[in-house]
Every structure is written in structure tokens, then in C-alpha cells.
Amino acid sequence: MPPRALNGIRVADLSWIVAGPQCTRVLADFGAEVIRVENPQTLDSVRLSRPHPQGLDPPDSSGLFNLFNRNKRSITLNARHPDGLAALKRLIAISDIVVENFSSRVLESWGLGYPELRAIRSDIIYVSLSGFGHSGRNRDYTTWGPTAQALSGLTVMSGLPDKPPAGWGYSYMDHTAGYSAAIATLAALRHRGRTGEGQHIDLSQVEAGMVLCGPAILDYTANGRSYRRAGNPPGNRAAWPKAAPHNSYRCAGEDAWIVITCLTHTQWRALCTVLAHPEWLQDPRFATLPSRLRNQDALDTLIEGWTTGRDPRAAMQALQANGVPAGMVQNGPAIARDDPQMRARGFTARNVHAVLGDHLTDGTPAHLSRTPARRDAAAPLLGQDNAYVYRRLLGYSEEGLRELEAAGALG
Amino acid sequence: MSGALDGIRVLDLCDPKGQYIGRLLANLGADVIKIEPPRGDAARRIGPFLDDVPHPERSLFWWYYNAGKCSLALDIFQPDGAALVRRLAASARIVLESFTPGVLAPLGLDYASLAAPHADLVMTSLTPFGRSGPWARWAWSDAVALALGGPMSMCGYDDVPGAPPIRGTEHQAFHIGSHYAAIGTLLALFHCDRTGEGQHVDVSVHEACACTIEAGMPYALLQGRSLHRHTGRHAGPDPTEPWQYPTADGRLINLMGMPRSDADWIAIVDWIGEQGLVGNLRDPELRDAGKRRLGLSQESARQMLADLARFVAATPALAVYHGGQSRGAAWSVVRSPEENLADPHWLDRGFFVDVEHDDLGRSITYPGAPYQLSATPWEQRGRAPHLGQHTAAILTRDLGLTSPELTALAAAGIIA
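As you go down the protein sequences, you meet chains A and B in turn.
The first sequence runs 1 to 411 under the numbering used here.
The second sequence runs 1 to 416 under the numbering used here.
Read the hints as simulated data drawn from the structure, not as lab findings.
All values reported here derive from a predicted model rather than from experimental measurement.
Note that beta-carbon positions come from the ideal geometry of N, C-alpha and C, so glycine has one too.
Errors might be hidden in some of the hints.
Each pair of labels, with its calculated beta carbon distance range [as the list claims (entries may be wrong)]:
| id | chain 1 | residue 1 | chain 2 | residue 2 | range |
| --- | --- | --- | --- | --- | --- |
| 1 | A | A230 | B | Q298 | 33 to 41 Å |
| 2 | A | G55 | B | G7 | 53 to 61 Å |
| 3 | B | E299 | A | R337 | 29 to 37 Å |
Go ahead and model the full structure; you've got the sequences and the hints to work with.
Okay, structure coming up:
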């Protein structure tokens, strides 16, 4: 087995839903021992989230939970029970990292704010992902992914110009806050490795979204121009760099689309060749980029005339064979089943889960030559590692563990 | 206090798709040298531009993604230029690049060449589709990535006939790929700190996008099912209730994030009752948090939203937002990005930072830290560099080049 970059790093993972578990998925994929601490009385709602393959019931059958929690362990624990809290403190004492994404006063209310965590383990790295951060007048406000997308500006920047925003059809900011938290955690791990010093990472999901709107914000602070103006958002047309054609076009088949974008004159010339319309190169409506930008409606209609009767994959192949940036709109099944690039790169892999059985899991987009990711262990059943963690790691006796359970300390 | 990456030198050979990686590392304390062509990086030609005047020093895109880096203007495609990069790489811990696979090897700048004398080098290659496979050299753009990688299939409209799938704009595929590239780079650096071993990190934007579509992937992997797009809210297998509603002042409110506790729900209903708009919200069925959950195609939620929509339509956006949030509802105003500049909460946190543009005689406000690190603070070290601003200093200080040598290189078009 190859070495893992995070071998020997233990994470007390108090997180739930998507943002926190996405952060710890990254850590677990690269070898950290991530222990999900779950309270069955306030179950992670993603354990209840679809899809649940036919005939299976929560809490162990959710495909969504399984995807974000592979390679992790799970224990049950009620932190509001004094014995549960005591056990949690013992877990923190042997962990390198604590990750949570509760609203901003929950850990304080358990007596586990950063000062207390530090008292338990002086070099702890404490990662809090909250909607608005742990300071500021609105620190008690809360978010879901769509809340953060709406506030940060990401929702407004997705849509057709004369319609309400289309926004994001999933919690983009849950994933992205998780990635940002993972970046900060890895930086903190490096600092701790060199100095022995831990720290608190205070991540606000809305702030992590606002940094993804940089040039749009600078357009206001430098030029005084609001993003909210005629023509914005541009649908699938280009904003910057200026380009035309640049749009989505209907193809043959149900909900079949292709995106075609010509960023250079060479690509535009190649498009005209593939579509067998070399005369467009001389057509005053299309000869130059400024003329194509002025006549996008006409140009898009002509291009869609070519795509409409065509299979999107065949159209994409023909365009790409000539160097035109073109991509069909692939949905999940197209990516998982029909995408030759993904097949060649081994994007999906078999996983065996006690309830879901033999099934596919997705890839890890960062391929490290010496310390590759792992994805061999499926997500844990609720509390499946109680014996390992309480007995072996924390040193409870068999009787002690039974007492915890009887007292309600495991939730 | 200092940054987590203090003392780490990074050579950044990335085109626009990967320049966010180096920016993230610079804010963590790394010394990032952006190596750009003598005629200027492609990012300098991406707008918007200051005062709408296209110019290599006026691109807001360049400013944002390269703030805090140094600029070394050098032609890596000339052998003498590539040789200088090889010499500089000896002092670097990290090299970032985003060229089409195969471009760097003939220049002697690929991982094998750079790491041969320098086993602890971390090199990260961010490419559209990864460094192998049949699409490795395919042409690409941000929109093409969001189409092929899955995000577009999840985003769009269910109430606009014939509407296409829609992409989120402002270079989001660049961001998604760059996040994974930063993760891979820092993992490799951590491993190198512990073992002295460098490695090559191969990051595919295509894979990064596909891993970022949430329910889209497990439905595909477990059931082979595709999802329907829904205006302004999550895609799913079944129709769901809208979340976005217009306010009295012509804004939109996102009502996703209904209060979960009974006490919060009662507080919300009482508040709406005070406005005389309670409708049927006191229906005992809605005391069950499960009956209030959105996205499950429930009749109870549909009726609740009809009443809430009437309340929202009669109330200004900020009143709905603050009134709801202060009573436990995770509601939000749908904002244009620049509106956050006026939100006092972000001022309390010091989120926005003023970056001095000495040549313009003014400072300009930028979005700041995506995370606050207590021991190694995120730091914005100045604006993006002018073209070749640090060429002479770096080549003189680090490689010992003399003034006549610099003049000769400039005359040959190798540096600027």
C-alpha cells in the first residue's frame, strides 16, 4: 500500500450535512483517520437524504451520505450528556484536528470553545465552518448552501439576462466552503509541524462565496459599476474574455445540449470549417469579433441550425477534432457511464458497503504521484466504530462502554 | 505573526485557469513568482478593465487573481529562458503550471526534468481534463468545463419554456479546479515536510467539477438517474416548490432554511401575525418541522409558502432578511456581489481589504480572506505586479545575473 499524505493524523469530526463532511472527506481520502461523532437524537439529515436505493431505509442507506463520508469512522455520542461530553474531551485529547459546522455558539455552549479545546490539547487545530463566522454582529445568523449563494452574489451571477436568477441547482457553497476549509486546515497542519503551534480556523461560508466574485466586486470598487445591470447575467454567453460564438445549443434528443465557445480567431475559423460554412468568415456580420458580438442572435440561430439535428456527443467529437472548444452538457449518468475520459482516468471505482452492497463511488480530482488518495472504505454505519474508538482508542472497559450506553451518553 | 507558508517559494507558470492557486498560496505567506510572457500574461487581456480602457495594467481579472505575487516576464519557449526557469526552480519548493500536457517536456520544464536534480520539488499541473486520457489535449473554456463536468446539467429553469441549462459565470470552473489544486499542493508539501520527498500533482478540472455536483453524482452512481433542473433551487428527481420570492421593494428573498425548532417557528408566525398577514400559518400541522421542510414536494410546505410569499410581497427585503434570521430562519436576500460592501457585519469582521495601487494614487477595495487563521493570519501583500516589475531584481538577486547580461536577454526578447 502506498503511503498516505495524512497518515497518522486524527480528526474528531463533529460536522454534519455537507460543508463540514466535504472538508473531512478530503482529509480522509488522503489518509487521515476521520471519526464522525454523531448523535442519533439529532441525526445528520444527510443520512435521511435521497437517494436511498429501493427498499432500504435510513440511517445507513443514503447514497449522498455515503459519497461524502467514505473512508471515515462513526461513533455515537451525546455531547449534552455529561458522560458523553467527558468522552468527547478524551477523543479531542488524542486528535490533531476538530472540525465542526454548527451555528456559531454551539461548541461554546458545550464548553468546547477554542480556549477550552486548547486546554484539552494545546496544539489542537480547531476548524469552524459557520455561515457568518464566529465574530461580527450577525454571527448568530445561519446558512444553508443556497443561503450563502444568494447572499454572496453567486446566485445572481447565474441566469438568463431577462429572467430571475437560475442560481445553482445544488449547494455549490457547501462543497466550496469544505474545500476552502481543507486548504486552511492543511496550511495549519504545516505550521503546526514546524512550530508545534495549533490554531483556530474561523471560516464563514458567505465569505468563502464572496471571494469567488472578485472581478465583479472590483468592477464596483474600481469602476463604480454594479453587477446588476442590463444584460447581466449573460446566460451562457461570454462575459470575459469577450468571445462569440459562446453559448449553449440544442441538439437531437431529450434535454440534449452542447456548449460551443470560440475564444480565438483560429477556433472561429475551425468552427466554420466543421459547419461547412466558410463564407461566414467573409460575412460582414461575422468577420470580426466585434461584428460577431453585435450579431450574436443571428450567429447563434445559424449554429443551432447545425446542432439541432445532431447527437451532442458526435457534434462535440467533430468540433473537438478540429480544435473548437465544445462540450456536451453531461449529467451524472453521462459522466459516470458514458464519458471515455473518465473511464480512462478511473473516475469511478467499486466500493462495498454493508447496506448499499457493491456499488460505485466517485474519484478524487487531485492525483498525487507518491501519496495517492484512497477510496476503498465505504461510509460507516451509524455508530459502527463505537467499540474501536471507545475501547481501543479511549481506553473504556467493556463495562464502561455499556454504562455510557445505559446512561444515554451515546445518544 | 507570520504566514503558514512563509519562506516557501512558488514558481507560478499558470495561465488564467490556474492563477487562483498561487493567489491562495500567496495569501498564506508564500513568495509567489508569476512567470509571464514578455508581452504579458493572457489574464491581462481579460476584462473588465479600469475605466473600460483595455490595457495590460488595467485588467481587474489580472489584479484580483495575481495580487501579492511578483512578476518575472520571461519567454520560457526560448532555450535561454527555459534555462533560467530551471535555475530558479532550484530555489523553489513548488511549481504550478496549467499547460496542455506535453508542452513543457521539450522545454525541459516538465516534472521529470525539474525534479531530477531536486527530489523535494512539488509540482502541480492543473489541466482541463487531466494529464492522460483521450481528451487530455481537447480545447477548453470555463463554460465547456461546466457543461462536460456536470454543473450545468443541475442549473437552470423549470418555469421558462425551452430554457437551456445555465452555467454560473465568473470563472467558477477555474475556482473549482484551483481549489483541488491548492489542496493537492499543500498535501504534497506536508508530505515533503515529513519525508523530504517531492511529487507531481495532476489535477483535472473536469473531475473536480464532477465531484462538486452533490446529489447529481450519487443518483447517477447508485441508480443511473438524472435530475431535473429547478429555477433557483436544487435539481432533483421530482418537482419541488420555489424558494425565491419577490419583496415589496422589488428584491428577491430566498426562503430555503425554514426554522427548525418549535420556538423559532412560533416566533416567526407571531411576527408575521403582527403584520396582519398570518394566513394559515397557525395551522397545527406546521408545528411539525418535517412538514415545513422544503424540497420534498409536500402539500403542507406548498401551502405554507403561499402564505409566506404574501408576507414577503408586502415587506421590504432587509426586513424579511433580518427579521427572519433573528428568529432562527436561514433566509437571505438575493444580493448582487457588490452589495456586501455596505453590510456592517463584514466590516465588523474586517472582510474587505484595501489594496494600495500606488501608480494610480489610490487604494481599491478587494474581497479578503476566505478563512481567518488565528496563528498564521491570511494576508494581502499588495496589488498584482506590473509586467516584469521584478524581473531584474529576481534575476540579479537570485541568479546573480549582471546588468549587461540582463540587457542582452532583453534585447533578445527573452525577458522584459
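Consistency of the hints with the structure:
In this structure the supplied range 33 to 41 Å holds for A230 (chain A) paired with Q298 (chain B), their Cβ-Cβ distance being about 38 Å. At roughly 57 Å, the beta-carbon separation of G55 (chain A) and G7 (chain B) lies within the given 53 to 61 Å, and the hint holds. Between E299 (chain B) and R337 (chain A) the C-beta distance comes to about 35 Å, which sits within the given range of 29 to 37 Å.
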